[in-house]
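Residue numbers (numbering that gives the first Met the number 0), protein chains in the order written: chain A, 0 to 687; chain B, 0 to 313; chain C, 0 to 300.
Quick caveat, the hints were computed from the structure, so don't treat them as lab data.
Even for Gly, the Cβ is constructed at its ideal location relative to N, Cα and C.
Hints may be right or wrong, so weigh each one.
To be verified - Every beta carbon over 10 Å from chain A, so not counted as near; a handful from chain B, in silico:
#, residue
1, W126
2, S177
3, L219
4, V232
Said to hold, decoys possible - Example chain A residues on the side facing chain C (calculated, C-beta under 8 Å, incomplete):
#, residue
5, M101
6, W328
7, L418
8, Q455
9, D456
10, G459
11, S460
12, L461
13, P463
14, R464
To be verified - Cβ pair distances, simulated, as ranges:
#, chain 1, residue 1, chain 2, residue 2, range
15, B, S177, C, M183, 23 to 33 Å
16, A, A538, C, F206, 25 to 35 Å
17, A, D361, C, W127, 22 to 32 Å
18, B, G165, C, D60, 17 to 27 Å
19, B, K220, A, D203, 49 to 59 Å
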Amino acid sequence: MTDDTLLNIDGLTLDFRTNRGRVKALRDISFPVRKGRILGIVGESGSGKSTVLWSILGLLAGNAEVMAGRIDFEGRDLLKLTPEALRAIRGEQISVVFQDPMTSQIPVLPYARQMSDILYRRTMSDNEKRKAAVEMLRRVGIPDSDSRVDAYPHEFSGGMRQRAGIAMSMLTGPNLLLADEPTTALDVTMEAQMIGLMRGLREDFETTIVVVSHNLGLIAEMCDDVVVMYAGEVVETGEVHDIFHNARHPYTRALLECDPARIADVSRKLPVIPGDIPDLTRPLPGCIFATRCQRVMPECSSLAPPLVPRGTGVARCHLLDGPLADPAWPPPPEVPTVARDAGEPVPPQVRRTAEPLLDVSDLNVRFRTMGPVRARIRGVSDPFVDAVLDVSLDVKPGETVALVGESGSGKTTLGRTILNLQQAAGGVVRFEGKDILGMKESRFKPLRRDMAMMFQDPVGSLSPRKSVRALITEPLVIHGAEGRNLDTEAERLADMVRLPRGFLARYPHELSGGQARRVGVARALALNPRLIVADEPTAGLDVSVQGEILNLMADLQAEHGLSYLIITHNLPVVRHIADRIAIMYLGRIVEEGPAAEVFAAPAHPYTRALVDGVPQPDPDRRRPPAAAIEGEVPSLLRRPTGCDFVSRCPLAREECRMAKPAHRNIAPDHRHACLFPLRKTPELTETA
Amino acid sequence: MLNYLLKRLGLAALVVMAVLLLLFSMLHMIPGNPAILALGTRATPEAIAAYSERMHLDEPVLTQFIFFLGNAVQGDLGNDVFSNRPVTAVIGERIGFTLALICTGMGWAVLLGVPLGCLAAVRPGTWIDRITGVFSVGMIAVPSFLVSIWALLLFSLHLRWLPAIGAGEPGDLSDQLSHLILPAFAIGLGWVGYLARMVRASMLEVMGEPYIRSARAFGLKPRRIVLGYALRVAILPTITLIGMGFGGLISSAVFAEIIFSRPGVGKMIFDAVSDRNFPIVQGGVLVATGFYILVVLFSDLLIAWLDPRVRASL
Amino acid sequence: MSVPPSDPVPAEALELRESASRERREKLSSFLSDWQAVAGLVLVVAFFASAIFAPWLAPYDPNAMDIPARMSGPSWDHIAGTDQLGRDTFSRILHGGRVALYIAAIGVSASLVVGLVLGMIAGYGPRWLDNLLLLLFDAVRSFPAVILALATVALTGPSLTVVLAIVIITTIPSYARVARTATMALRHTEFILAERSLGASTPRILFHHVMPNVIGPLLILAAMEVPVVVSIEAGLSFLGIGVLPPQASWGTILNEGYLVIRDTPWMVIAGGIPLILTTLGFTFLGEALRDLFDPRMGRGR
């Protein structure tokens, strides 16, 4: 422990007592946090990264039990402090930014009250406390903070709420700030703003920050030091450049290689780490990663790997030291260490000239904002908002079209309207040339064989009391399965989505995210549809698993000639699977064109903001703090009169405020809705 | 807010209408002359004719209902069959006893049950939680009329600590209070346990919310977290519960008034049922349900006032 | 003899079956280690047994009078004493249990079924239907049970059927509200939307996918409602507007005991004990079941 260490975790070992037995959630966690730096803890779900954070504060769940180790902070072991002494440190010297500002701020108290409560230990007058709160809210970028300090959390938008959360944690000027997935609940453009804000606060207040995240881009962009965790162990630590450019643990390497944002080669096959996280009630005696490691050796599962020091950290692997060391490991960064799924990249089979399978034109969806009586009382002549505004889009047979937008863009509504799950206000939707909009359910039902939908939440979109077998055969039952043996059908479908047959007897809550997603795919495929509308197909999946699902979807597309309409906010993923991309903002499509072209040279400023907004998993490609576009997606109730993006556009001019720009083509298959596009010509010369 | 109030009042009026319709149709569903039913078998033919005239019994049923409604709105609920005094006057001199009983009963239950529930939630699994748990289940399990009977047996007849019947001498406050104690104890006892359990459950739920963890992470004092944060949220469902609980409390009060011969509205209705004194039954039922509707309305408004989220959605 | 090649039983499936049965065993053992749960179970079983076998268990005919032995306290001949007509109180209690069981069984199951269906319709159906049903529930709830009973009996006269009707009508709204709230919460979940996207009909969604997720809390509520129902019956019979003498019911025993309370305390004591034991039993059992199955209470976190 050196002088510049603010916090040192040493040998932290922790169990959770559950009715399945003791889950060994953390095993021998050791790493220092250096003063004035930003340390990132990165890992997938189940890695124990958040548990580490909560043990620093002594705020673990009741069934947690610290078995060994110490956490030294300013000369004291936090694990041995009395509750009173620990409470004196919380909020004053160590403070926290929480993952979800929706649930982590008490809904019934205004911010002024919540913030002056945090200052209760200070000898300040109420007026001074209020001033301090106003000042800190102003510092984190909340306009009119002297009046908005009296607002309640529900009166703020998501981004503002997270800013207020950061203001609360910085109010006392803590030495150490802990941030638990601080941007996970936010949109891409918000995420970039938060990263800038936190880096700025670090400069101003000389605060040390520990940030926990599964997002490699955020870690690379924000952090100085990185700790990589897997299944309750630290597998590698080091400075951010060493981790991202010279990873030495096979897991770190695999994780980095799986991140779609890092993969330049846009083939349809994504790398995956096969297998699941091991059962932590009975962890193996050897390397915890042995069951999924590409370089596994027989000794790995029995012999504990050595802790090998490196320039700025440590790594825990047999390949690096000892009798099993391999001097050729790690290979240079450009050599892949993770197997891509079997099979060749599938060439696209789009018949460009073919009649579109799905043809949407001028579709409008409106939501009622108040009842007709109230609207009349208040004199509101049009008590509706446009959730989807004049959207035209088509999907050709065999094509993958991605619909990209932030929350509130109307992309999910559009998907549901196409499938007749949501009423439209106007427009035309044709499927194979037949007008299907607003059909009665009884007439629409046969069409449901041809159009299937996959929903966002892999587990939550499965009926919880049904077995997997019942779930994947249900489409057959609904649409009449006379003469079919449901058991063989279930097995056929399970095989098709590469789900082991043993899982047919399970229930949704017993499945991992990836397994549940396979069930969702099987249900969508059961009736041999022509079109699948997939709402966030990789949501809730870890980086190492999402590749499996995307590869599976690509294989099935090649095999069955499926068309996909993929609805997502995740641009890096889209780049690998979509033929065409449509960008939505406030219910309107602002740009649409071939995926590669839209990425390389966007025409609409919003598209560029989205493309640039994705933090790059490479510390050498950090953006300047000002790169993020300002503001937040406005509420549909406050749609700007001119261009929808005008309130946030860095290039907005007077003309933009006058009227909505019409769609214009810059190439036959590339159109946008901007008066002053970033490019007007179709050629692909201005690649970054 | 005004909008919400109007909407709620409109809804309450609709419910009262439904209640009135039910009462009205009850009188008309059973065979026999409604006038005789309303005036009693000893009524003179003249009285019956007058009543038929006044209630428009020759008109279609719908018209009759409208007249019935009109009279009710004007505060005319008919006359007592025996004394021929207006029903409103009869109720007016009795309602005070009932209100005092109900409010005292609920009052002591709230004052004891809510703190007990908080205490049990703050220290789950300790002896105080266990004892509260067993006691409250026990208290909930005993029907209030049985508590009344046994309390009468033990405290009045056996120990002779408190008076058994009546509501005390008019004007003698201490005598009236001593007559209030036993029935109020009896109708509130189950509510002590019920509230303790409900407050405990809702406190435990709130204590698991992420914002309570935030407050702890900011180092707030446990007392502040429990009273200023958790209870502030947990009390909201409890208020709804208390509001709706008045319905059950009215039922308990009917029993208590009968058992302790307390001259309240409940006893009045009961006696009127045995006497087939229909105007009194009708008026009493209307007052009881109207009171209940008002209490529920009040509790909803209180929540809207206490919860900014509800306020915002109005 | 060669073994035919067959799929090896997947290890996960075996493990799962094992873990499911282990979970069941664990739940059972945690249930049995809770003294309240065991006490509740014993009391409930005793209630059912004594009510069903009352004619064989009762030492006397419940209506047989023995005037010389009237209003006696507990003795070896009459373990719960006798009433003012010299009838054996213990035999009357056992037979009174049959009335309680009859009302509880029919009343609870009828309002459970009706409440479940109405609640699901209100929660899943169109807005206007929901509002209408809510208004209806509110109107019914606005009548305190006893007030409604008094008003009804004033017109129809007392009978067991009236008691049953009152019980069913006044308890339907609580089931319906729970079912409605649970259905509303499910209505916009992705799995219901997913079923719609597959083309599942509304009845299929309601009975295959909503009901299994709603029925659990409702069954627990039903266990908790049994004491309420039994109390209503006893209360109305106590007031003389339920079961009519000479038929034995816990309420009529209390009624007759109340009339002679200044002469003998035994009847109101003896009449109250079975009522308390039954309500206590069902409350304990309901609470134990809720602790066991309610995910909010059961989750360790």
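Problem set entry | V232 of chain B remote from chain A - nearest C-beta pair above 10 Å | violated, 6 Å
Problem set entry | Whether S177 of chain B stays farther than 10 Å from all C-beta atoms of chain A, as the label says | holds, 42 Å
Exercise. Is the hint on R464 of chain A kept, meaning its closest Cβ partner in chain C is under 8 Å away?
Worked result: OK, holds: R464 of chain A within 8 Å of chain C, min 4 Å.
Exercise. Should the hint that A538 of chain A and F206 of chain C are 25 to 35 Å apart at their CB atoms be regarded as holding?
Worked result: holds, 30 Å
Problem set entry | Restraint check, 8 Å cut-off on beta carbons, for S460 of chain A near chain C | holds, 4 Å
Exercise. Holds or violated: is the Cβ of W328 of chain A closer than 8 Å to a Cβ in chain C?
Worked result: Violated, because the Cβ-Cβ distance from W328 of chain A to chain C comes to roughly 32 Å (cut-off 8 Å).
Exercise. Beyond 10 Å from chain A, beta-carbon-wise, is W126 of chain B?
Worked result: holds, 18 Å
Problem set entry | Q455 of chain A as an interface hint toward chain C, with CB separation required under 8 Å | With Cβ-Cβ at 6 Å, under 8 Å, it holds.
Exercise. Hint check: is the beta carbon of G459 of chain A less than 8 Å from a beta carbon of chain C?
Worked result: At about 5 Å, which falls below the 8 Å cut-off, the nearest Cβ of chain C leaves the hint on G459 of chain A intact, so it holds.
For this session: Determine whether the non-interface label on L219 of chain B survives the test: each CB of chain A must be over 10 Å from its CB.
Result: violated, 6 Å
Problem set entry | Agreement of hint D456 of chain A with chain C interface, Cβ distance less than 8 Å | holds, 5 Å
Exercise. Has the hinted range 22 to 32 Å been met by the Cβ atoms of D361 of chain A and W127 of chain C?
Worked result: This hint holds: roughly 31 Å between Cβ atoms.
Going down the numbered hints, you'll see the structure goes against 3, 4, 5, 6, 15, 18, 19, while the others check out.
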